[in-house]
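One-letter residues, chain by chain:
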Amino acid sequence: MLHIILKDVTKEYPPAKRGGNPVIAVDSVSLEIEQGDVYGIIGYSGAGKSTLVRLINALEPASSGSIEIDGVDITSLSAGKQRQMRTGIGMIFQRFNLLGSRSVRRNVEYPLEVAGWKGKDRKDRALELLEFVGLADKADNFPEQLSGGQQQRVGIARALAANPAILLADEATSALDPETTDEVLDLLGKVNRELGVTIVVITHEMDVIARIATKVAVMERGRVVESGETYNVFTNPQTPTARRFVRTVVRNLPTGDELAELRAQHQGRFFTISFTDEGATEARVFAALARAGVDFNLVHGGVDSIQGRVYGLLTIAVRGDASRVREALSTVGSLVKVEEVSP
Amino acid sequence: MNDITTQIAELMPTLLEQTGIMMWIVALALFFGGIAGLILGLLLYVTRKGGILQQPVVFWVISILVNTFRPVPFIIFIAAVQPLARVVVGTGIGSDAVVFGISIAASFFIARLVEQNLMAVDPGVIEAARAMGAGPWRIIRTVILPEALGPLLLGYTFAIIALVDMSAVAGIIGGEGLGNYAVAYGYRQFDPVVTWAALFIIVIVVQVIQALGNLLARRVLRR
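Residue numbers (our numbering), protein chains in the order written: chain A, 2 to 344; chain B, 28 to 250.
Note that these hints are calculated values from the structure, not bench results.
Warning: the hint list may mix true and false statements.
Below, in silico cross-link-like pairs of lysine to any residue (SDA-like), each with a Cα-Cα straight-line distance of 20 Å or less [as the list claims (entries may be wrong)]:
1. Lys82(A) to Leu248(B)
2. Lys18(A) to Ile167(B)
3. Lys82(A) to Leu226(B)
4. Lys76(B) to Gly280(A)
5. Lys191(A) to Gln146(A)
6. Lys338(A) to Val286(A)
7. Lys124(A) to Thr169(B)
8. Lys338(A) to Pro241(A)
9. Lys18(A) to Gly77(B)
10. Lys82(A) to Ile153(B)
11. Lys76(B) to Pro16(A)
12. Lys119(A) to Gly150(A)
13. Lys76(B) to His205(A)
14. Lys82(A) to Arg249(B)
15. Lys18(A) to Pro83(B)
16. Lys76(B) to Met146(B)
17. Lys119(A) to Thr169(B)
18. Lys119(A) to Gly135(A)
19. Lys76(B) to Pro23(A)
20. Lys139(A) to Arg249(B)
21. Lys338(A) to Gln266(A)
22. Lys121(A) to Phe133(A)
23. Lys8(A) to Ser77(A)
24. Lys119(A) to Gly162(B)
25. Lys76(B) to Gly150(A)
26. Lys8(A) to Ser46(A)
27. Lys76(B) to Tyr14(A)
28. Lys119(A) to Gly77(B)
29. Lys191(A) to Lys119(A)
30. Lys8(A) to Ser104(A)
31. Lys338(A) to Ser275(A)
32. Lys121(A) to Gln146(A)
33. Lys82(A) to Lys76(B)
34. Lys139(A) to Leu248(B)
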């Protein structure tokens, strides 16, 4: 079931100087996010992804286009109705944004106060959520007494307090170290699986996408340049931006000095073979090469897990008679994706 | 030496009485000026560009008003507001007029102080409150003021001490109080004992106020 639908959404800011050009932060973006998706939006800073996520809960008004949540166009709601709508959408932030004047428990209670819950119910619900994020023992502490990862978990508990159907995560792990990032991503995965919450993840880190996003949209200069199932974007990126992001996670291609060194050590033509969980196995490919009567060496490569699925890139050096090499490669090319490494 | 001790002992009841008057004037001015300053400062903060109740016209009107009156030296200001004091409190001289004058001057001064302290509130927590569906009034009550409470307490402590200073000038429109007593009976009558005795008391009063302010702020800031 479709949950969030963006149609030709544009966000313009007035020019910084009189007579200047307006700044187009989000440029006719269309997205369809399904119920239960973990939808990743990746881009470099300034790509417009943080603005885009703020359009979904109407923290910023869209300049044009429509944003439907559960079939209701939120861009035309009154201010009061928008506030009401926001109680059904949780949000977490890069800098956690916890209230320093309140204890952990009372931070989690905040959205419940807004939603008009009574004191006792509020307290019980807050403790229940702190239990869920594993911080029940910190209820009476203040945010500054907690580590970054713990603060973000409080942020998640707070965002979930009023039972939202959607959770927006704006660079939620960017201020955390790798280990804590894992903890928080695991927790977001649990929120998605156990509570069925649709999650929109904004990030500039491709490994965050690889770990939790089922679908991904790549943004550049306000536009979505590529989108699809995470695995497909990883194994077959279409745009240079997507390819650059994929390379930050999939480091199995030799480049620069490394490549020069490999060429000095190994003779022949270099090819990179992509293995996905849908194509032929390594064994079949190597057997085919051997049958073709060419000599080959595995010189570089590795296997990654994207969304729990296998993705491998192996670079081989192939030697032998030129026509045989050509023939061998065309045979292998019918089994898996093969590309010659540019000299 | 003995003479001075006797003189101070004789002065004591008057000094204490004048201290009481000074503190009463400061307390009243703090009450009126403090509330008016808080409202003006809050208005400046929420109506400015990018504020939660952005209102450029309101912002500019208050801002110009504050900028016009705040830099006026208090000794001139209190004389200048005399006609207004006659209308509002019924007299242009005496302690009522003094309280009126200090309250007005303090509200402009405190407005800027409040505005500056509120500016230091992390915009991220305000955004978080908005994202949770809170409206502007709730955000002011439950986010902006509580988050700024520590610095605000220190700011108000600073303001109280400025009010003590202002109260000493009030003598020129016939106000009483320890500062004026020191000027009238110490300085003008060439009696350093009176001047120094008054000064000593004022220093103690200021120290106590500052210590209380620091203590409260530390409690709130938990450090």
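Status of each hint after checking the structure:
{"no.": "1", "hint": "Lys82(A) to Leu248(B)", "in the structure": "violated (36 Å)"}
{"no.": "2", "hint": "Lys18(A) to Ile167(B)", "in the structure": "violated (31 Å)"}
{"no.": "3", "hint": "Lys82(A) to Leu226(B)", "in the structure": "violated (60 Å)"}
{"no.": "4", "hint": "Lys76(B) to Gly280(A)", "in the structure": "violated (57 Å)"}
{"no.": "5", "hint": "Lys191(A) to Gln146(A)", "in the structure": "violated (25 Å)"}
{"no.": "6", "hint": "Lys338(A) to Val286(A)", "in the structure": "holds (11 Å)"}
{"no.": "7", "hint": "Lys124(A) to Thr169(B)", "in the structure": "holds (17 Å)"}
{"no.": "8", "hint": "Lys338(A) to Pro241(A)", "in the structure": "holds (18 Å)"}
{"no.": "9", "hint": "Lys18(A) to Gly77(B)", "in the structure": "holds (16 Å)"}
{"no.": "10", "hint": "Lys82(A) to Ile153(B)", "in the structure": "holds (19 Å)"}
{"no.": "11", "hint": "Lys76(B) to Pro16(A)", "in the structure": "holds (15 Å)"}
{"no.": "12", "hint": "Lys119(A) to Gly150(A)", "in the structure": "violated (29 Å)"}
{"no.": "13", "hint": "Lys76(B) to His205(A)", "in the structure": "violated (30 Å)"}
{"no.": "14", "hint": "Lys82(A) to Arg249(B)", "in the structure": "violated (38 Å)"}
{"no.": "15", "hint": "Lys18(A) to Pro83(B)", "in the structure": "holds (18 Å)"}
{"no.": "16", "hint": "Lys76(B) to Met146(B)", "in the structure": "holds (12 Å)"}
{"no.": "17", "hint": "Lys119(A) to Thr169(B)", "in the structure": "holds (16 Å)"}
{"no.": "18", "hint": "Lys119(A) to Gly135(A)", "in the structure": "violated (24 Å)"}
{"no.": "19", "hint": "Lys76(B) to Pro23(A)", "in the structure": "holds (18 Å)"}
{"no.": "20", "hint": "Lys139(A) to Arg249(B)", "in the structure": "holds (17 Å)"}
{"no.": "21", "hint": "Lys338(A) to Gln266(A)", "in the structure": "violated (25 Å)"}
{"no.": "22", "hint": "Lys121(A) to Phe133(A)", "in the structure": "holds (19 Å)"}
{"no.": "23", "hint": "Lys8(A) to Ser77(A)", "in the structure": "holds (14 Å)"}
{"no.": "24", "hint": "Lys119(A) to Gly162(B)", "in the structure": "holds (19 Å)"}
{"no.": "25", "hint": "Lys76(B) to Gly150(A)", "in the structure": "violated (34 Å)"}
{"no.": "26", "hint": "Lys8(A) to Ser46(A)", "in the structure": "violated (23 Å)"}
{"no.": "27", "hint": "Lys76(B) to Tyr14(A)", "in the structure": "holds (14 Å)"}
{"no.": "28", "hint": "Lys119(A) to Gly77(B)", "in the structure": "violated (33 Å)"}
{"no.": "29", "hint": "Lys191(A) to Lys119(A)", "in the structure": "violated (28 Å)"}
{"no.": "30", "hint": "Lys8(A) to Ser104(A)", "in the structure": "violated (41 Å)"}
{"no.": "31", "hint": "Lys338(A) to Ser275(A)", "in the structure": "holds (5 Å)"}
{"no.": "32", "hint": "Lys121(A) to Gln146(A)", "in the structure": "violated (25 Å)"}
{"no.": "33", "hint": "Lys82(A) to Lys76(B)", "in the structure": "violated (24 Å)"}
{"no.": "34", "hint": "Lys139(A) to Leu248(B)", "in the structure": "holds (19 Å)"}
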